[in-house]
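Trainee: All chains should be built: construct the whole structure from the sequences, respecting the hints.
Letter by letter, the chains look like this.
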Amino acid sequence: AQTIHQWPVAEIKAVGSPLSLGCTIKGKSSPNLYWYWQATGGTLQQLFYSITVGQVESVVQLNLSASRPKDDQFILSTEKLLLSHSGFYLCAWSPSVWGEDTQYFGPGTRLLVL
Amino acid sequence: TQTVSQSDAHVTVFEGDSVELRCNYSYGGSIYLSWYIQHHGHGLQFLLKYYSGNPVVQGVNGFEAEFSKSDSSFHLRKASVHWSDSAVYFCAVSSYGSSGNKLIFGIGTLLSVKP
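Quick mapping for you: the protein sequence lines, in order, are chains A and B. The opening residue of the first sequence carries number 1 in our numbering; numbering runs sequentially from there. The opening residue of the second sequence carries number 115 in our numbering; numbering runs sequentially from there.
Treat each hint with caution, since some may be false.
[Said to hold, decoys possible] With a straight-line Cα cutoff of 27 Å, these simulated DSSO-like cross-link-like pairs (lysine-lysine) come out:
id, chain 1, residue 1, chain 2, residue 2
1, B, Lys216, B, Lys163
2, A, Lys13, A, Lys80
3, A, Lys28, B, Lys183
4, B, Lys183, B, Lys163
5, A, Lys26, B, Lys183
6, A, Lys80, A, Lys70
7, A, Lys26, A, Lys70
8, B, Lys216, B, Lys183
9, A, Lys28, B, Lys216
10, A, Lys70, B, Lys183
11, B, Lys216, A, Lys26
[What the hints assert, rightly or not] Some chain A residues judged to face chain B by a derived CB distance under 8 Å, without partners named:
id, residue
12, Asn32
13, Thr43
14, Leu44
15, Ser65
16, Leu90
17, Trp98
18, Glu100
19, Gly106
20, Pro107
Since the hints were made in silico from the structure, they are not lab data. All residues carry an ideal CB built from backbone N, CA and C; glycine is no exception.
Mentor: Have a look at this one:
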C-alpha cells in the first residue's frame, strides 16, 4: 500500500524567513506529485505538479517554488515568507497525469506566518 | 473554464437522518468528478469518483453520488449519517490539460451531525 508523509506537521515562521516543506511517497514508483494550498476555512488551489524527477510545472504563482530531487520526494520552498503564505499545504499523488486517475492526499502541513 | 459550485456552505442534520450535499459543475470536455472529505485539521480523504458508466457511484462509509449530465450535477448522499460524518466535504472536477491532472475544488460544505 502507498503511504504519503508530509513534514513538518506545523510551522510558525516570521515574515521574510525561508521555508521548506517536504513530502514523501512510499510504495509507488514514478508517482505524479502535486502541491495544494488551502487558506484557513477556504478551498484548495493547486500550486505545482511534477511528472518525473527534476521536472516541476507551476500552476499558480504565489512566490513559492517546488523541486523534485528524488522519485519519491517533493519539496515546497521560498526564500522569503509573506503573511499571505499562511494556510494549510497539502501534497498529493496520482498514478498518472490523466484526469481519470484519483489524487490521494497527505496529512498536510499547517503554516502560520507572523 | 471549469467551475465547481457547492451551493450549501453549511448543512446541519441529526444522527440517523439522510443527507444530500449538492455539487454543480461547468466544463465542456471529458469530465471526472470526485468527492473528498476533510475532518477538522486533517488532510483530504477520497470518498468516490465518477468518470463513466453507471451514474450512481458507491463510495466508502455508505456514501454514494449521482452524476447527471442534464443537470450538470454530482450530488453526494448518505441514507443515515453518524456523528463521525461531521466534516467538510469538497466536490472536485478533474481533467488533463496544460496543468497536468488538475483538480478544481468547490468551496466545500460543512456537514454538522447533531446527536
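Trainee: With reference to the structure, classify each hint as holding or not holding.
Mentor: Against the structure, the hints come out as follows:
no. : hint                : verdict
1   : B:Lys216 x B:Lys163 : holds, 15 Å
2   : A:Lys13 x A:Lys80   : holds, 10 Å
3   : A:Lys28 x B:Lys183  : violated, 34 Å
4   : B:Lys183 x B:Lys163 : holds, 15 Å
5   : A:Lys26 x B:Lys183  : violated, 37 Å
6   : A:Lys80 x A:Lys70   : holds, 24 Å
7   : A:Lys26 x A:Lys70   : holds, 12 Å
8   : B:Lys216 x B:Lys183 : holds, 21 Å
9   : A:Lys28 x B:Lys216  : holds, 20 Å
10  : A:Lys70 x B:Lys183  : violated, 41 Å
11  : B:Lys216 x A:Lys26  : holds, 22 Å
12  : Asn32               : holds, 6 Å
13  : Thr43               : holds, 5 Å
14  : Leu44               : holds, 5 Å
15  : Ser65               : violated, 17 Å
16  : Leu90               : holds, 6 Å
17  : Trp98               : holds, 5 Å
18  : Glu100              : holds, 5 Å
19  : Gly106              : holds, 5 Å
20  : Pro107              : holds, 4 Å
Going through the hint list in order, the structure does not satisfy hints 3, 5, 10, 15.
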